[in-house]
Structure formats: structure tokens, C-alpha cells
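This is what each chain is made of:
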Amino acid sequence: MAAPLELRCWGGGWGLPSVHPESLTVLAYAKFSGAPLTVNTISSSWKAPKGDIPVLISEDNVISQPAKILNFLRKQKYNADYELSAKQGADTLAYIALLEEKLLPALLHTFWIEAENYCSVTKPWFASRIAFPLSLYLPGKMSREALNRILLTKGGPPLYSLTEVEAQIYRDAKECLNLLSKRLGTSQFFFGDTPTTLDAFVFGFLAPVYKVCFPRVQLQEHLKQLPNLCRFCDDILTCYFRLSVSGHSPAGQDTADANLQKLTQLVNKESNLIEKMDDNLRKSPQHPPRKLTTLKLAAGGEESSPFNRLSP
Amino acid sequence: TLCFQAFLQMCNLPIQVVCRANAEYMSPSGKVPFIHVGNQVVSELGPIVQFVKAKGHSLSDGLDEVQKAEMKAYMELVNNMLLTAELYLQWCDDVTVEEITHPRYGSPYPWPLNRILSYQKQWEVRRKMKAIGWAGKTLEQVLEDVDQCCQALSQRLGTQPYFFNKQPTELDALVFGHLFTILTTQLITDELSEKVKNYSNLTAFCRRIEQQYFEGHDKDSSTIAARSAKRSLLR
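So the sequences go chain by chain: A and B. Residue numbering for the first sequence follows the working numbering, starting at 230 and increasing by one per position. Residue numbering for the second sequence follows the working numbering, starting at 648 and increasing by one per position.
Pulled out of the complex, with its shape left as it was, chain A reads as follows (with noise of 0.2 Å):
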């Protein structure tokens, strides 16, 4: 537990600590669990980005997937579910498959594959944090193994073209996203109040189609039709990210304005959700020290009282 960790992963933009979802969950359940990770983002310095990225770094060991890297963290202590039930723990498993399946096609393609997307936001923001000369390659290479996933996974008969697989996975994203929606409800995380390893996955696939400015978003636009997964993201953002927001991007300060006026929005509009939250805390254990902290919000007044009242 002392040994320290560090993380190398792809760095943030338009108010994301990540733009990669596989880096975003890592962080994500990292600041749920209240792991001490020292953040090291890949820029272009000469210390080429190896091999599959996240990866974390630990004395000796080197683990690269982000399920192997959150189990590992479960393995030093630092586990966010520890409050799941058997049956929790085996849904999780289940929606983390359904992510994988439907929701990663589409988010790769709007990434990588769409021509104008690619060309446009993905190339050039990856190739500036790579080194020349690898620069000229690596997105090239990263561009051409998410066709190749697709194809190969979706691209079966009785698909016979690329607009027709497009059309299908982009399909099931949508269908994802609503049953997704439907199992979150109103609950502020997908297992109560304190966030999970689902909600670091959910938060990692999601946060970058919501927040990242595409020319091509039909996956942004339905998923800002699902008001509680943008409510989701926007408050995992606000809490869990507030402090590295504000430290990175330029647009870190507008993002902060603007997450607050969407807080304040949110107090003025759900009363009743912050007295269903009530109810809940009465009945929900106690939480360890170690969350509280990243939850005491600067924003004062009203905003933080569903907040504060979670301290002992």
C-alpha cells in the first residue's frame, strides 16, 4: 500500500481529465477508491507510449488492461465495493460486458473511423502529444486497429458493408444508452450513493462523447436527450474532478462556471431528489474518511448540503 503508484495515460481536454475512455475509467474508480495515483500523461517527449495505454506502474509490476489495473487496486485495499452485494458485484460484471459489446464500437468509430471526426479532432490532438516522428504513425496504426476491432466483431453477414455495420452498431449504442438510462433512474450513482466500479466504466465511456466537440455527434446528441447519464457525468466531474479540472485546461475555468450554474440548476429544479438522497443516507453505512474529503465542495450555500450532510 505504501508503494507508490503511477499511472501513464492519455492527458484531458474540453474539461475531461482523459479523452480516452480506457484512461478515464482508471482514473475515475482511482478517485472513487481513493487511490494515491501519481498521473503521468503521455506528451511529446521522446519516452514513446508503449504497448497498451492505460498502464499503471508499481514497483515491479506493470499492468496494462483497466480491468487488470482495477483489480489490482482491489488487491492493495483501495476497492470502491466493498458495500456491493454478491448479486451487485455479478450485475456489474453484466453491464460492464454491455458497454463493451455495444456502446465501445460505436465510440471508437465516432473517434476514430468517422473520416471527419478523425481527420479533424482525433488525429491532430493525439499526434500533438506523441513525439515526431511517431507522431506521423501512432494515430494511424490506433485508427486502423478500431476498424479492424469493428469489422471484425461486427462485421459479419448479414452486414455486408461498412455503412451498414455504422448503422448497426450505432444502433445498439443508442439502445445501450437508454437501457442504460433506465437502470440508472434517479439515483445519483447505479448503486445508490457512493460510486462503484460500474460507475467508473459508465463515467469512462460516457464523459467523452458527452464533453468532446465532434462535428459528427449523433451518439453526443442522444445521449444529451438522456438527461440523468449528463447529470451523471457532470456530477462525478464536479466532485471527483473539480481540482484537476480547473489545474489542467484553459477551458478549466469555464467548465467550473459552468458546472456550478448546472448545480445550481439541478438544487433549484430536484428537491425531491435531494429528500430521496435524505432517506437514503439515513439508512446507507457509514462512509471511511478517506471519500469524505474529495467531497466537501468549495461551491458554499445550498448546493453542498446533500453533501455535507454525508460527513459524520
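Fair warning: there could be bad hints in the mix.
[To be verified] With a Cα cut of at most 35 Å, we get these calculated DSBU-like pairs of lysine-lysine:
hint, chain 1, residue 1, chain 2, residue 2
1, A, K316, B, K844
2, A, K297, B, K842
3, A, K403, B, K715
4, A, K304, B, K844
5, A, K403, A, K297
6, B, K775, A, K352
7, B, K813, A, K316
8, B, K775, A, K453
9, A, K297, B, K768
10, B, K784, A, K297
11, B, K715, A, K440
12, A, K297, B, K775
13, A, K403, B, K813
14, A, K370, A, K453
15, A, K304, B, K784
16, A, K306, B, K844
17, A, K297, B, K715
18, A, K440, B, K784
19, B, K777, A, K403
20, A, K403, B, K768
21, A, K411, B, K715
[Claimed, not checked] Some chain A residues judged to face chain B by a derived CB distance under 7 Å, without partners named:
hint, residue
22, A319
23, A323
24, A326
25, L327
26, E330
27, L381
Read the hints as simulated data drawn from the structure, not as lab findings. Even for Gly, the Cβ is constructed at its ideal location relative to N, Cα and C.
Position chain B against the provided structure of chain A, taking the given hints into account.
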């Protein structure tokens, strides 16, 4: 194959199972199995469920929205983990491939066609594994994933007769199909079926469905079921 039979029998629709060598070509999507009803041919679980629903039979009408979402999520889990693990075991584990898969897959065809077709299929499957990141997994890791999946299913099932309490749904058919195949198919090692056997409520679940929906018919159906269980290894 078994999950389709189970599903159709749960809907109380009579079916006749036929094994054909060119099944993959007859199917509209290239995937076996498929159903042939009147002059319509429908393949794959999703479209078959919708087809059956359009004809007025549906197993998941009694579920509310959140439960439907859960059901879809669990079906994806089964597809993601169990199906991929089965494919991995059949095509990426060298011992199994040599001794069981190649002979079985190529058996309807004369030499050298049987070798060519099975190598082609193997190459295809390995490419897909590589794309989704399973190529780097060892057999132990795959077995561990299967174990995790079975644990999740077992915890979700708990002590209920079916996954969504009293009524069987598409999820029950799917899970039954996969688990029964794993439990009854002979492979080089029994590790995969041992993993499933660790969870007694899952084995009881399979037995219950088998008794309820398959043994009600004559001997022929059960032998057909066993034969098609072996054939599903060819998928």
C-alpha cells in the same frame, strides 16, 4: 444450438432438429443454427426472438424496463465471456485444436478440403481473438474469466428457479444452452466443465430445464439434443 431449442420449447413451439453439412451456407447470415418456418428462414438469437415475438410469443413481457435492461446486460456477458471462451478453447488451444476440432470440423468433407477449411476457420477465429485482446491470454486466464462469469451467473440466480423468478426468459435459454454444452461435451481436459460444476445451483438449473423441456418428448429428441450438443462444437 441448444439455447435455441430451449428457447423455442419454452415458448411451447414444436420444433424438429435437422443436422446438415451445408448448414452454414443455407443460413441467411452464415451462422448456424437457424430456423426454417414456412417460407422464411431466420438465424441468430436476436432475430429469432424478434420473429417469435412478432408471431405472438414472448417470454420477457412480464419484465419491467429495469429488468429488461438487466437481462440484456447478462446476455451480453454470456456472449462476451462464455462464447468467446468456448471459441478460444476450440480454436486457440493447440492440443484441443489438433485432436478434436480439426477432425470434427472437417469430417463432412474429403481430404484436402477438410484441412483447408479448418485452417481457414482457425485463422479467422485467431484474428478475431487478437482484435479483442484475447490473443495474449493463456488458458488459465481464460478459465479464470469463465469462472468469474459463472460466479456472476450463480450469484444472480441465487436460489430462484429461473433468472427472473418464476418465468423462464431468453436469458435462461441462452445460459442453459452454453452451460449444458460445456458440461456434456468431451474435451481433452475437464477443467472447463469442472469450473461450471463448482456452482451447484447452475448445474441444478441445467438439470431442471433439461427435465422440464427436453425429457418430456420421446427418446429421439433427447438423442437429437445430445447429437446437436456435439455439433454445436463445430460453430
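Going down the list of hints, with the structure as the test:
no. : hint            : in the structure
1   : A/K316 / B/K844 : holds (20 Å)
2   : A/K297 / B/K842 : holds (21 Å)
3   : A/K403 / B/K715 : holds (15 Å)
4   : A/K304 / B/K844 : holds (27 Å)
5   : A/K403 / A/K297 : holds (28 Å)
6   : B/K775 / A/K352 : holds (25 Å)
7   : B/K813 / A/K316 : holds (18 Å)
8   : B/K775 / A/K453 : holds (33 Å)
9   : A/K297 / B/K768 : holds (30 Å)
10  : B/K784 / A/K297 : holds (12 Å)
11  : B/K715 / A/K440 : holds (29 Å)
12  : A/K297 / B/K775 : holds (21 Å)
13  : A/K403 / B/K813 : holds (30 Å)
14  : A/K370 / A/K453 : holds (31 Å)
15  : A/K304 / B/K784 : holds (21 Å)
16  : A/K306 / B/K844 : holds (30 Å)
17  : A/K297 / B/K715 : holds (29 Å)
18  : A/K440 / B/K784 : holds (34 Å)
19  : B/K777 / A/K403 : holds (27 Å)
20  : A/K403 / B/K768 : holds (32 Å)
21  : A/K411 / B/K715 : holds (10 Å)
22  : A319            : holds (4 Å)
23  : A323            : holds (4 Å)
24  : A326            : holds (4 Å)
25  : L327            : holds (4 Å)
26  : E330            : holds (5 Å)
27  : L381            : holds (4 Å)
No hint from the list above goes unmet by this structure.
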